[in-house]
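Residue numbers (numbering that gives the first Met the number 0), protein chains in the order written: chain L, 0 to 418; chain G, 0 to 418.
It is worth saying that the hints were derived from the structure and are not from the lab.
Here the structure is a predicted model, which is why all the values come from computation and not from measurement.
Be a bit skeptical, because a hint or two may be false.
If several chains are the same, the list does not tell them apart, and a pair holds so long as it fits within one copy or across any two.
[Claimed, not checked] Derived DMTMM-like pairs (lysine to aspartate or glutamate); straight-line CA-CA distance at most 25 angstroms:
id	residue 1	residue 2
1	LYS104	GLU193
2	LYS248	ASP53
3	LYS364	GLU319
4	LYS270	GLU363
5	LYS333	GLU188
There are 2 protein chains.
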Amino acid sequence: MLAEIITIGDEILIGQIVDTNSAWIAQQLNLIGIAVKQISSVSDDRQHILKALDEASARANVIIITGGLGPTKDDITKKTLAEYFRVGMKQDKASLEIIEGIFAKYNRPMLEVNIRQADVPENCTVLLNKNGTAPGMWFEESGKVFISMPGVPFEMMYLMEEEALPRLRKQFTLPAIVHQTLLTAGVGESFLAEQIADIEDSLPSHIKLAYLPNLGQVRLRLSGFGQNAEELTEQINVHKSQLKERISKYLITDVDKPLEKAILDLMDANKLTLAVAESCTGGYISHVITQHPGCSSVFLGGAISYSNEVKQSMLGVKTETVDRFGAVSEETAKEMSGGVILNYKSDYAIAVTGIAGPDGGTPEKPVGTVWISVANKHQVVAKRFQFGNKRIQNIQRSAVSAFVMLLDLIKADLQEGDS
Amino acid sequence: MLAEIITIGDEILIGQIVDTNSAWIAQQLNLIGIAVKQISSVSDDRQHILKALDEASARANVIIITGGLGPTKDDITKKTLAEYFRVGMKQDKASLEIIEGIFAKYNRPMLEVNIRQADVPENCTVLLNKNGTAPGMWFEESGKVFISMPGVPFEMMYLMEEEALPRLRKQFTLPAIVHQTLLTAGVGESFLAEQIADIEDSLPSHIKLAYLPNLGQVRLRLSGFGQNAEELTEQINVHKSQLKERISKYLITDVDKPLEKAILDLMDANKLTLAVAESCTGGYISHVITQHPGCSSVFLGGAISYSNEVKQSMLGVKTETVDRFGAVSEETAKEMSGGVILNYKSDYAIAVTGIAGPDGGTPEKPVGTVWISVANKHQVVAKRFQFGNKRIQNIQRSAVSAFVMLLDLIKADLQEGDS
Chain L
0 MLAEIITIGD EILIGQIVDT NSAWIAQQLN LIGIAVKQIS SVSDDRQHIL
50 KALDEASARA NVIIITGGLG PTKDDITKKT LAEYFRVGMK QDKASLEIIE
100 GIFAKYNRPM LEVNIRQADV PENCTVLLNK NGTAPGMWFE ESGKVFISMP
150 GVPFEMMYLM EEEALPRLRK QFTLPAIVHQ TLLTAGVGES FLAEQIADIE
200 DSLPSHIKLA YLPNLGQVRL RLSGFGQNAE ELTEQINVHK SQLKERISKY
250 LITDVDKPLE KAILDLMDAN KLTLAVAESC TGGYISHVIT QHPGCSSVFL
300 GGAISYSNEV KQSMLGVKTE TVDRFGAVSE ETAKEMSGGV ILNYKSDYAI
350 AVTGIAGPDG GTPEKPVGTV WISVANKHQV VAKRFQFGNK RIQNIQRSAV
400 SAFVMLLDLI KADLQEGDS
Chain G
0 MLAEIITIGD EILIGQIVDT NSAWIAQQLN LIGIAVKQIS SVSDDRQHIL
50 KALDEASARA NVIIITGGLG PTKDDITKKT LAEYFRVGMK QDKASLEIIE
100 GIFAKYNRPM LEVNIRQADV PENCTVLLNK NGTAPGMWFE ESGKVFISMP
150 GVPFEMMYLM EEEALPRLRK QFTLPAIVHQ TLLTAGVGES FLAEQIADIE
200 DSLPSHIKLA YLPNLGQVRL RLSGFGQNAE ELTEQINVHK SQLKERISKY
250 LITDVDKPLE KAILDLMDAN KLTLAVAESC TGGYISHVIT QHPGCSSVFL
300 GGAISYSNEV KQSMLGVKTE TVDRFGAVSE ETAKEMSGGV ILNYKSDYAI
350 AVTGIAGPDG GTPEKPVGTV WISVANKHQV VAKRFQFGNK RIQNIQRSAV
400 SAFVMLLDLI KADLQEGDS
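This is chain L alone, in the form it adopts within the complex (with noise of 0.2 angstroms):
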């Protein structure tokens, strides 16, 4: 079963806004068996749209389509919508007491493009959206299905997970689609596809291979294709054993999670804490870490020394160390991990100092310099890293060094106590 993702807006094709909900939607399809063709991001334009619903729907049996609902005019979808399936427009009272409540509750005036608000194609199913004032679609021809989404994505998700998920379940019977992802940190895409080569060879041509490299880290990813689930998934767990034991040098987990995601979960089996001093990362790894529900068992925070003053003061950094070696230096580093473990008494510590760029480099210190340490409560480790001189990457690759050198520490740890 296929399907295709249609989004609508011109925001999108300028580059004001990134795409998330596709990934998201594209995620949740999977997970029922629905796989995704293609995605297309067109303009709010009529022949534009219609031209991409031909095409959508010659390819693919469900179509989703997200955007273009709102109450103003440069959003075309519901009345394009409309002239493709030939029908006229209804108001549906349901939504337009949804669209009441939520002006009552904010007590706003409800203003004519509001009511319309509640107008949808008659030929359609009203996916109730009780997160906002643009109702959800449902249409069905010739055996194909349209959704027709708001593209604000928490009102998107609802309809999703409350509407149309369930609902396509319902219609059609689905074949299994398994994905199974090895994640690796500290080694190449080509040196990994070099040491399972023979293993890639042998795989049969129902479950594929394909390797996802992101800033340091490498994500194996088995994808088999077939009718049942259950077979699928013991066929596609021979050959993940195969690779994980080839790769266990550089294997972080065996579960398609996020680094940090597999560290929190490490340290709360293990009953342990940590805490971080950001400088040059500025708050990146605590964001990424409290990202996740239920982090708070093992992180209890941290600070943001970006000014040195506060290197000083909220971490016990000593005036001399910064004076003699910079901010940007590895005793500078360490006397932050330490620091954070007196002062948060925590049971791990991450530090990270560096220059993020694009400017403050020298000569010595060029932009994408980064001093990252990693502290126990008996131990501090540092290390140098050089990026190169794009900030936001600086610091999100600062962030994976930082996750990678904390979980070896972990690990030594928790072996030492098992000898």
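Start from chain L and add chain G according to the hints.
Frame of chain L, contents of chain G only:
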């Protein structure tokens, strides 16, 4: 002049990565007067890639292709492009030298698959990729330009900036596209639309107005299309002035920059400093601020006070305050922002404490309850917000609300100073 972007790779279609490249590419193309007609994500599948190339080149003159250039077997873009153009492959010596240099630098063994990364279709002009092992490629056929680049964001960005964009500017006589953006906060999309309906109706057909709502903010974007950038800018500025006057109450900035950057610029111009205390936002506010180069003139740092102990030890929040009113309370929020001013010696402070969810709510303080406090050296204000039950969204909404509260306080202080 129209372009299309094709991203190749199953990882986007199964939702394992979000396509951030396309938005960035679209922005860059827009700046030189090339509009993006469609963005399509297709799979690592020969026929699908060929079809996408056909469709895109029927609509546009410039086709930008990213992804599928890795050394591994799932990457088939290069040989598919050779098939599309009916040519063989050749080895590019300059690319091979770069690849050899990279492997020498990291002291890694060079494999056969790495050597083959220097192979390109015979009809292409190589765009030298100095940041990676996959060369960029420039093709011309029947007056159309095809540009293929790796999907790794910083490699793609380098190739766009250094090679593709300068060449496109040389190749085509480009029309002008001018965008102007007004950022508003604290008011709904349809209310805004009602306020400016007459201005919108009076726009000439070559100037369009779009509404881009996002988490309590609405961007109004005027886009003009024409021959002469200067004339177009003048015309757009007339309409922009009308809009600015009409919505002055809700206007954050009339330059296309993010909310936090507008605040940083205002604070920098007035030599003001900021520090933060983040509980439920967990570093996100600091991260959003420190994405911006040069923020260190304003931003001193902050505390991620995830645990109550840290709130007390690092911010001076009283134990009895947390015991009596709870960690999520007006009193705690105010003591946090007051503690920031005191400990970090900043001119302004932001403090956020709340229940981001999905768990941890109570009947009196359900998930989504957030107290935000902002302070200067003389004044501490706090406000309660009730967001929804999505963690990431609650974190983001808290940040936006905190920024708006901070901006209000700073503006009031500056006006007072003026009078």
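Okay, the hints, checked on the actual structure:
{"no.": "1", "hint": "LYS104 - GLU193", "result": "between (61 angstroms within a copy, 19 angstroms between copies)"}
{"no.": "2", "hint": "LYS248 - ASP53", "result": "neither (49 angstroms within a copy, 44 angstroms between copies)"}
{"no.": "3", "hint": "LYS364 - GLU319", "result": "within (19 angstroms within a copy, 47 angstroms between copies)"}
{"no.": "4", "hint": "LYS270 - GLU363", "result": "neither (41 angstroms within a copy, 30 angstroms between copies)"}
{"no.": "5", "hint": "LYS333 - GLU188", "result": "neither (32 angstroms within a copy, 50 angstroms between copies)"}
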